[in-house]
Amino acid sequence: MDVLLTPDEWTAVYLSLKVAFWATFWSLPFAILTAWLLARTRFPGKGLFDGLIYLPLVLPKVVVGYILLLTLGARGFIGQYLDAWFGIKLIFSTAGATVAAAVVSFPLTVNAIRLALEAVDRGLETAARTLGASRLDVFISITLPLMLPGVLSGALLAIASALGEFGATITFVSNVEGKTRTIPLAIYSATHMPDGDAMALRLTVVSIVLAFGSLLLASLVDRRIRVLIGRT
Amino acid sequence: MIEIDIRLRRPGFTLEAAFTAPEAGVTALFGRSGAGKTTIIQAVAGVVRPDAGRIVVKGEVYFDAAARIDLSIERRRVGYVFQDSRLFPHLSVESNLRYGERRSRLSHKPIGFAAVVDLLGIGHLLGRRPHTLSGGERQRVAIGRALLSQPRLLLMDEPLAALDEARKAEILPYLERLRDGMGLPILYVSHAVDEVLRLADVVVALRDGRPLAIGPVADVMSRPEILPVIGRFDVGTLLECVVSRHDGDYALSTLTFAGGELRVPQVAMPIGSAVRARVRARDVALALARPEGVSVSNLLAARIEAVRQQEGPYADIELVVGETRLAATVTRESVDRLTLRPGLAVWAMVKSVAVESRSPDFGGPG
Numbered sequence: 001m002d003v004l005l006t007p008d009e010w011t012a013v014y015l016s017l018k019v020a021f022w023a024t025f026w027s028l029p030f031a032i033l034t035a036w037l038l039a040r041t042r043f044p045g046k047g048l049f050d051g052l053i054y055l056p057l058v059l060p061k062v063v064v065g066y067i068l069l070l071t072l073g074a075r076g077f078i079g080q081y082l083d084a085w086f087g088i089k090l091i092f093s094t095a096g097a098t099v100a101a102a103v104v105s106f107p108l109t110v111n112a113i114r115l116a117l118e119a120v121d122r123g124l125e126t127a128a129r130t131l132g133a134s135r136l137d138v139f140i141s142i143t144l145p146l147m148l149p150g151v152l153s154g155a156l157l158a159i160a161s162a163l164g165e166f167g168a169t170i171t172f173v174s175n176v177e178g179k180t181r182t183i184p185l186a187i188y189s190a191t192h193m194p195d196g197d198a199m200a201l202r203l204t205v206v207s208i209v210l211a212f213g214s215l216l217l218a219s220l221v222d223r224r225i226r227v228l229i230g231r232t
Numbered sequence: 001m002i003e004i005d006i007r008l009r010r011p012g013f014t015l016e017a018a019f020t021a022p023e024a025g026v027t028a029l030f031g032r033s034g035a036g037k038t039t040i041i042q043a044v045a046g047v048v049r050p051d052a053g054r055i056v057v058k059g060e061v062y063f064d065a066a067a068r069i070d071l072s073i074e075r076r077r078v079g080y081v082f083q084d085s086r087l088f089p090h091l092s093v094e095s096n097l098r099y100g101e102r103r104s105r106l107s108h109k110p111i112g113f114a115a116v117v118d119l120l121g122i123g124h125l126l127g128r129r130p131h132t133l134s135g136g137e138r139q140r141v142a143i144g145r146a147l148l149s150q151p152r153l154l155l156m157d158e159p160l161a162a163l164d165e166a167r168k169a170e171i172l173p174y175l176e177r178l179r180d181g182m183g184l185p186i187l188y189v190s191h192a193v194d195e196v197l198r199l200a201d202v203v204v205a206l207r208d209g210r211p212l213a214i215g216p217v218a219d220v221m222s223r224p225e226i227l228p229v230i231g232r233f234d235v236g237t238l239l240e241c242v243v244s245r246h247d248g249d250y251a252l253s254t255l256t257f258a259g260g261e262l263r264v265p266q267v268a269m270p271i272g273s274a275v276r277a278r279v280r281a282r283d284v285a286l287a288l289a290r291p292e293g294v295s296v297s298n299l300l301a302a303r304i305e306a307v308r309q310q311e312g313p314y315a316d317i318e319l320v321v322g323e324t325r326l327a328a329t330v331t332r333e334s335v336d337r338l339t340l341r342p343g344l345a346v347w348a349m350v351k352s353v354a355v356e357s358r359s360p361d362f363g364g365p366g
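Just so you know, the protein sequences line up as chains Y and G, in that order. For the first sequence, the residue numbers in full-length UniProt numbering are 1 to 232. For the second sequence, the residue numbers in full-length UniProt numbering are 1 to 366.
Everything labelled a hint here was simulated from the structure, so no lab data went into it. Quick caveat, the model's predicted, so the values are computed rather than measured. Ideal placement from N, C-alpha and C gives every residue a C-beta, glycine not left out. Errors might be hidden in some of the hints.
Unchecked claim - To spell it out: a stretch of chain G is covered by chain Y in this simulated footprint if at least three of its residues, at any positions, have a beta carbon under 8 Å from a beta carbon of chain Y; those stretches are: (1) 80-87; (2) 314-322.
What the hints assert, rightly or not - So the derived list for chain G, only partly shown, Cβ under 8 Å to chain Y, looks like this: (3) A45; (4) V47; (5) R49; (6) E94.
Next up, chain G with everything else stripped away, as it sits in the complex (with noise of 0.2 Å):
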């Protein structure tokens, strides 16, 4: 268990979080530039000292400020993975690697060298200065050199946010490889949706530098109460299904959720995956009666739970369908227009669906 509870006082920013985040799996810190994301895993790896509070890994003490304990930057055996990378620009890849390594004090290192070097494919650079190396590489690199000093944690501060399009593909597998066959915590700091959506187990949403909503990602990226975190654009809802047929003639498959079923664009994965799916709520539609003659393929029945009218054109629509909630974004004029209500049955059409691949042909060993 990792057990986080400061606050910390700045000029302008006061941040205020307390939270556990399990000691498996990916947590993510989410939220928007100046939520206080980065200031939390600074204060977890040291390099920023909290005003009170406790920090406590896996029963060690970091941090408590009632205590007066406040462990050294490299007592604290964190993995930090900057988002500049910061490779050594003296040393070599290999050097750079062995610098944590060589430094910890463990006598049996759980984490060797050639497995991180083949996990994260970097085998043929060890021999190279950091500054001949590409944006993804680096961030590689400094990765395996993070896992190499054995840490108790990893702390990731938005690891893809300086890469392109490209390269965050490129990097996203690895990404997924570690939280599957690491079996190491990690912190993972984001403001990118489909980012937290694709690696995060738990979701921790900050605003103001204070928690807006924690809990099991597929639970708290779909709150109503995130939706200033995420933006309208983005809202939406995170369904957990099962693949259950593939359409091979028109490339389609069927996904199963609780309360329904979804086709989507063939998925290259065997029946019975988990997968997510996601639903942005402005690709919602609703009908009075079931619609007839529309290319849409994703219909089903719904019933309304809740209608919150907001500022501007628009109103959030609450769906139930079978056991799953669902969220659609439309006009108030059409609220008025077809008196949607608490109570009412309701077809919605689905226009478009993400899927969030936990991709099992990545997965480690573990």
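Next up, chain Y with everything else stripped away, as it sits in the complex (with noise of 0.2 Å):
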């Protein structure tokens, strides 16, 4: 294992993929709840809350990451409950690593699997509730498994975002290496010190290659997908 990379780099690479894997997983039902009510339904507010979802994306990170501080901080209006009642504490601890990647790949995710449930056949969904299946019926059975490839290639975007969060991450979690030091913080703090170079162009390869191998996965599996329910 050394011989690639440094244990220290390890723990930033295996940190990344932890907090990608777990910001994306948790953030999945949300985004396909959220890809539902914009694509679905109509409500009062509609247009504020589409804003508000695609927020994150525009704003600048350092920005999304001190307003999750001011919130989910330790003296934050959630924050302090969190801790008072259920003793969370997101500042300096993984966990608040994954909720910043969450937040942040969110828009990219509720985008991807949105765009995929309005190419869904709405007709399909006509001829299944004449079938007999219920609203909820027709959407495990029908809806999901057409809107997949956009589910799983919405996903992958998301884990490839996360992996390169650095602005809100270090804003509200800080660079605690172990905790909250992933890859681009890793690489950040290695241009600091003075004889990081050698470690920041490992880690910038190593960032390199993960980013392209969820792209070529992202596209390998669609095309699967594809396959399998006969849209080629």
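Put the complex together from the two separate chains, hints included.
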């Protein structure tokens, strides 16, 4: 193992993968629900809701991190209760880094899923209902499988973007080795060390490999599923 | 009995339809596009909600605006066959067929999987994916899927419209089997005269969201008021006939109807079989005296019942042959030249007869 990277670097890589995976895992159900609300329902204030969902995409990530700090931080108006009632401390923790990655990648995931959902032929859903399926049944048996390529490519996109998260993470949960120091933060730290050039370079290569790999995987999975559901 | 009495208003379109359809056999909703045919069966399925009215199928109230009843789509138990099949692309043919069957809440399923697969001839397709099927195969699977959901009635929305003539000819016998063998009421939407004549028992002719004529197919399709739906080219008379003789030497058959006989190219049905013969009005020519030396073999002694001058070059002549009415179209110039008028005895020369089989050779066990 040590041949390629130092133990510190492996820690950062491992932490990055862990944070990206769990951030995506936990945000996926919410992303599907949000995409469904945006694509299929009408409610008052939908425009505002739509804007709010996409806000993290256009805001400076440092601002997103700072807002997280204000809300979920130790003295934040949600954070203090998380600590008092559940003993959950997000600050300086891997859980906090996961939250930051999830929030930042959320709009990308929602967008990918929403596009997939809008592409599902609603005529098929009507047909399923005439065959005796309830709305929920139709969603699970017809809509979800048909939007699966979009969900999976959205998830891979979320993982890729979570791997690259920097601004929100460092602002919200700081740069703690082994807890919040993901690959981008480790590279940033390395560039501030007198002899960190080699480390920064190695982690940069790792970043490129991971990003490229997830893109490749996304298109592979997409093609596989399209063949499977006959949408070639 | 299927009672439909609905009103529905949309920008630029008003539907006001009230009729009852029998509990067995095919009721065709016939009309041009935009007449409201599809909207009616969408309302029966619950896909479209009428503004007012009632829909009752075999005693079960699907919709009643006054009583605020609106059964959800999945609880209506209608088998809906769409023009575009709508097979689920991510499921195999067999899973498509089983989709509705699995969701049926009946403990005893009267329509069996094997019977449907056999009826529609789709046994060899079960393992395939929908996108590998031809248009005709797809539509047969869609019909099977609808049947296996154990429906109380079948709704068919122009199931043949997206298919070419060869595919239509491939599916029609299956639809006839379905009609004759399943004992399931079918509401069949179509704008094609030949389909309606071949399949329907009862016709509801629609125009601009309103029924123009309702009744048995032979009656409705012969009425002059549905001319705007059928179009002048296709207007004609439907004669209920019996095959009375075969003439093997000339490969001709003789059909007998109330009032006369028709000689037609040999039909592959035993003597005594009931067939429908369709005579287009433009294929009937008139003569004041019995014509001699003409090649037309069907000469019928007739009396003119009514003459209706139309705009343009044509006039509609209503004839009586024995007990049967027959429509003829001649030019207005001919009406004046021959002084055609009600009460006049004439000879009707029938140039062409189309036999619409009720195909007993495909008849199912029912």
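Cross-check of the supplied hints:
1. For the segment 80-87 of chain G, the assignment as covered by chain Y holds, since 4 residues bring a beta-carbon within under 8 Å of that chain's beta-carbons and 3 suffice.
2. With 0 residues bearing a CB less than 8 Å from a CB of chain Y, the segment 314-322 of chain G misses the requirement of three and the coverage assertion fails.
3. Interface restraint check for A45/G: the shortest CB-CB distance to chain Y comes to about 6 Å, inside 8 Å, so the restraint holds.
4. Annotation: interface hint on V47/G holds; nearest CB of chain Y at approximately 6 Å, less than 8 Å.
5. Interface hint status for R49/G: violated, as the beta-carbon distance to the closest one in chain Y is roughly 13 Å, over 8 Å.
6. Checking E94/G against chain Y by beta carbon gives a least distance of about 15 Å; that is not within 8 Å, so the hint is violated.
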